[in-house]
Amino acid sequence: MRKTTTYVLLGMALLVGAWASFELLGPKTPIPRYASASIGGDFQLSSVDGERKLSDFKGEVVLIYFGFISCPDVCPTSLAVMRQAIDQLSEEQREKVRGLFISVDPERDTVDELNAYTQYFSDRIIGVTGSTEEIDSVVKQYGAYYKFVQLDDSALGYTVDHSARIYLIDPEGQLADILAHDVNPNELHSKIMAYL
Amino acid sequence: MKYLATALLISASLAQAADMSFDEVRVRAVPPGANISAVFMNVKNNTSTDLAIISVDSSVADSVELHNNSTEDGKMKMRRIDQIKLNANSEIKLKPGGLHIMLIGLKRPLVEGDKIDLRVNLSDATSQSLEVPVVTIRPTMNKMTH
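Chains A and B are the protein sequences, given in the same order. In terms of this note's numbering, the first sequence opens at residue 1 and continues consecutively. In terms of this note's numbering, the second sequence opens at residue 1001 and continues consecutively.
These are computed hints drawn from the structure, not numbers from a lab. Accuracy of the hints is not assured; some may be wrong.
The calculated DSBU-like cross-link candidates involving lysine-lysine, where the alpha carbons are at most 30 Å apart (straight line), are [claimed, not checked]:
| # | chain 1 | residue 1 | chain 2 | residue 2 |
| --- | --- | --- | --- | --- |
| 1 | A | Lys-147 | B | Lys-1107 |
| 2 | B | Lys-1077 | B | Lys-1107 |
| 3 | B | Lys-1093 | B | Lys-1075 |
| 4 | A | Lys-53 | A | Lys-191 |
| 5 | B | Lys-1095 | B | Lys-1044 |
| 6 | A | Lys-53 | A | Lys-147 |
| 7 | B | Lys-1115 | A | Lys-191 |
| 8 | A | Lys-191 | A | Lys-96 |
| 9 | B | Lys-1095 | A | Lys-147 |
| 10 | B | Lys-1044 | B | Lys-1077 |
| 11 | B | Lys-1093 | B | Lys-1044 |
| 12 | B | Lys-1095 | B | Lys-1077 |
| 13 | B | Lys-1107 | A | Lys-96 |
| 14 | B | Lys-1095 | B | Lys-1075 |
| 15 | B | Lys-1095 | B | Lys-1085 |
| 16 | B | Lys-1044 | A | Lys-147 |
| 17 | A | Lys-53 | A | Lys-96 |
| 18 | A | Lys-58 | A | Lys-96 |
| 19 | B | Lys-1093 | B | Lys-1115 |
| 20 | A | Lys-58 | A | Lys-140 |
| 21 | B | Lys-1085 | B | Lys-1107 |
| 22 | B | Lys-1077 | B | Lys-1115 |
| 23 | B | Lys-1093 | B | Lys-1077 |
| 24 | B | Lys-1077 | A | Lys-191 |
| 25 | A | Lys-191 | B | Lys-1075 |
| 26 | B | Lys-1077 | A | Lys-140 |
| 27 | B | Lys-1115 | B | Lys-1044 |
| 28 | A | Lys-53 | A | Lys-140 |
| 29 | A | Lys-53 | B | Lys-1075 |
| 30 | B | Lys-1075 | B | Lys-1085 |
| 31 | A | Lys-147 | B | Lys-1093 |
| 32 | B | Lys-1085 | B | Lys-1115 |
| 33 | B | Lys-1115 | A | Lys-147 |
| 34 | B | Lys-1044 | B | Lys-1085 |
| 35 | B | Lys-1115 | A | Lys-140 |
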């Protein structure tokens, strides 16, 4: 009898412990797991300076973000976070960091517009895009998401539902971390520093 | 918080409308290529009547709409909404990642230091004119040392 009670209590303690560690330690916003090597990898898209591959930036820490220019709020916030994290680096360190803003809206965003848009935030961030097939392939590779949504009641015409993560790629070209779009710039800076 | 001082000045000039207050009013400076922007503010309804923002006008944009951002399963969604409710004796914050006023089809680029005109139309048929400073929205750094 006593044994049963002990097991029951032990079981309850384990459940409470599991719940507590989930509640206390679990991330507030769920961040996709990328522990397996299935997420990430090289790709090629177009920039104002021609085709760029992720592997062109080997030796640099690369921050990848999927967005679009007519994104009024979330994308500028993420790019401002990147700018603030990059601005905290020394001149020498900055040369080893690259932001890649991947537009999922090639219909509206040209490479010239993307260049002007990303330069506004930082000269270390470049804008790239491609055909729908090319974009879809990279989106799938990185477990990202986007969907065009018709907005009949708005002058916007359509909007894009999208995942908003900052993917941190180490100098070897491997996915090292995935951060929320509104991560604290100091935290992003520390994460970059860890791979420099 | 440069815009705070400006917003305070503006609200001071609107002191007669003590039953409604509009604080920290600011519009996001626009990166090149983007012809849309968002206006944020804190609106306080000090009256005992439930009100709502039903529309907004500005001379700088072709259309001005009320929008809301929401996150579902890590997916960001933005949708137009009909009104922003201002319940009696309560405050609502229009801020990045949430409710905002969208300027669509900007007639000129919005550069930090500029000001734009805005008229907020309320459900009780009154409206509030605001002069809104253009600011570069910087993410909060919190108080973290590194």
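Against the structure, the hints:
Straight-line distance between C-alpha atoms of Lys-147 (chain A) and Lys-1107 (chain B) comes to about 28 Å, which keeps the hinted pair within the 30 Å bound. Between Lys-1077 (chain B) and Lys-1107 (chain B) the CA atoms are separated by roughly 26 Å; this keeps the pair inside 30 Å, and the hint holds. With a CA separation close to 22 Å, the supplied pair Lys-1093 (chain B) and Lys-1075 (chain B) stays within the 30 Å bound. Between the alpha carbons of Lys-53 (chain A) and Lys-191 (chain A) the distance comes to roughly 23 Å, so the proposed pair stays at or under 30 Å and holds.
Taking the CA atoms of Lys-1095 (chain B) and Lys-1044 (chain B), the gap is about 14 Å. The hint holds against a cut of 30 Å. With a C-alpha separation of about 24 Å, the suggested pair Lys-53 (chain A) and Lys-147 (chain A) falls inside the 30 Å cut-off, and the hint holds. Restraint check for Lys-1115 (chain B) and Lys-191 (chain A): the C-alpha separation of about 37 Å exceeds 30 Å, so the hint is violated. At roughly 14 Å between alpha-carbon atoms, Lys-191 (chain A) and Lys-96 (chain A) fall within 30 Å of each other, so this suggested pair holds.
A C-alpha spacing of about 24 Å is found between Lys-1095 (chain B) and Lys-147 (chain A), which places the hinted pair at or below 30 Å, so the restraint holds. With a C-alpha separation of about 26 Å, the suggested pair Lys-1044 (chain B) and Lys-1077 (chain B) falls inside the 30 Å cut-off, and the hint holds. For the proposed pair Lys-1093 (chain B) and Lys-1044 (chain B), the alpha carbon gap of about 9 Å is at most 30 Å, so the pair holds. Between the alpha carbons of Lys-1095 (chain B) and Lys-1077 (chain B) the distance comes to roughly 15 Å, so the proposed pair stays at or under 30 Å and holds.
In summary, the hint linking Lys-1107 (chain B) to Lys-96 (chain A) is not supported, as the alpha carbons are separated by about 38 Å, beyond the 30 Å threshold. Simply put, Lys-1095 (chain B) and Lys-1075 (chain B) have alpha-carbon atoms about 18 Å apart, close enough for the 30 Å limit, and the pair holds. Taking the CA atoms of Lys-1095 (chain B) and Lys-1085 (chain B), the gap is about 15 Å. The hint holds against a cut of 30 Å. Our distance criterion of 30 Å between C-alpha atoms is broken by Lys-1044 (chain B) and Lys-147 (chain A), whose separation comes to about 36 Å.
For the hint pairing Lys-53 (chain A) with Lys-96 (chain A), the CA-to-CA distance comes to about 16 Å; that is within 30 Å, so the pair holds. A threshold of 30 Å between alpha carbons decides the hint, and for Lys-58 (chain A) with Lys-96 (chain A) the separation of about 9 Å falls inside it, so the pair holds. Restraint check for Lys-1093 (chain B) and Lys-1115 (chain B): the C-alpha separation of about 21 Å stays at or below 30 Å, so the hint holds. For the suggested pair Lys-58 (chain A) and Lys-140 (chain A), the alpha carbons sit about 22 Å apart, so the restraint of at most 30 Å is met.
Between Lys-1085 (chain B) and Lys-1107 (chain B), the direct Cα distance comes to roughly 29 Å. Compliance with the 30 Å bound is thereby established for this hinted pair. The suggested pairing of Lys-1077 (chain B) with Lys-1115 (chain B) holds, with an alpha-carbon distance near 29 Å, which does not exceed 30 Å. As the CA atoms of Lys-1093 (chain B) and Lys-1077 (chain B) are separated by approximately 18 Å, the hinted pair is consistent with the 30 Å bound. Straight-line distance between C-alpha atoms of Lys-1077 (chain B) and Lys-191 (chain A) comes to about 28 Å, which keeps the hinted pair within the 30 Å bound.
For the suggested pair Lys-191 (chain A) and Lys-1075 (chain B), the alpha carbons sit about 23 Å apart, so the restraint of at most 30 Å is met. A distance of roughly 19 Å separates the Cα atoms of Lys-1077 (chain B) and Lys-140 (chain A); the hinted pair therefore holds under the 30 Å criterion. Among the hinted pairs, Lys-1115 (chain B) with Lys-1044 (chain B) is consistent with the structure: their alpha-carbon atoms are about 22 Å apart, no more than 30 Å. A C-alpha spacing of about 16 Å is found between Lys-53 (chain A) and Lys-140 (chain A), which places the hinted pair at or below 30 Å, so the restraint holds.
For the given pair, Lys-53 (chain A) sits about 26 Å from Lys-1075 (chain B) by alpha-carbon distance, which is consistent with the 30 Å threshold. Of the supplied pair hints, the one linking Lys-1075 (chain B) and Lys-1085 (chain B) holds, its CA atoms being roughly 25 Å apart against a limit of 30 Å. Distance check on the hinted pair: Lys-147 (chain A) and Lys-1093 (chain B) sit about 28 Å apart at the alpha-carbon level, within 30 Å; holds. For the suggested pair Lys-1085 (chain B) and Lys-1115 (chain B), the alpha carbons sit about 26 Å apart, so the restraint of at most 30 Å is met.
As the CA atoms of Lys-1115 (chain B) and Lys-147 (chain A) are separated by approximately 34 Å, the hinted pair breaks the 30 Å bound. Between Lys-1044 (chain B) and Lys-1085 (chain B), the direct Cα distance comes to roughly 11 Å. Compliance with the 30 Å bound is thereby established for this hinted pair. The hinted pair formed by Lys-1115 (chain B) and Lys-140 (chain A) fails the criterion: a straight-line CA distance of about 42 Å is larger than 30 Å.
The structure fails to meet hints 7, 13, 16, 33, 35 from the earlier list, while all remaining hints are met.
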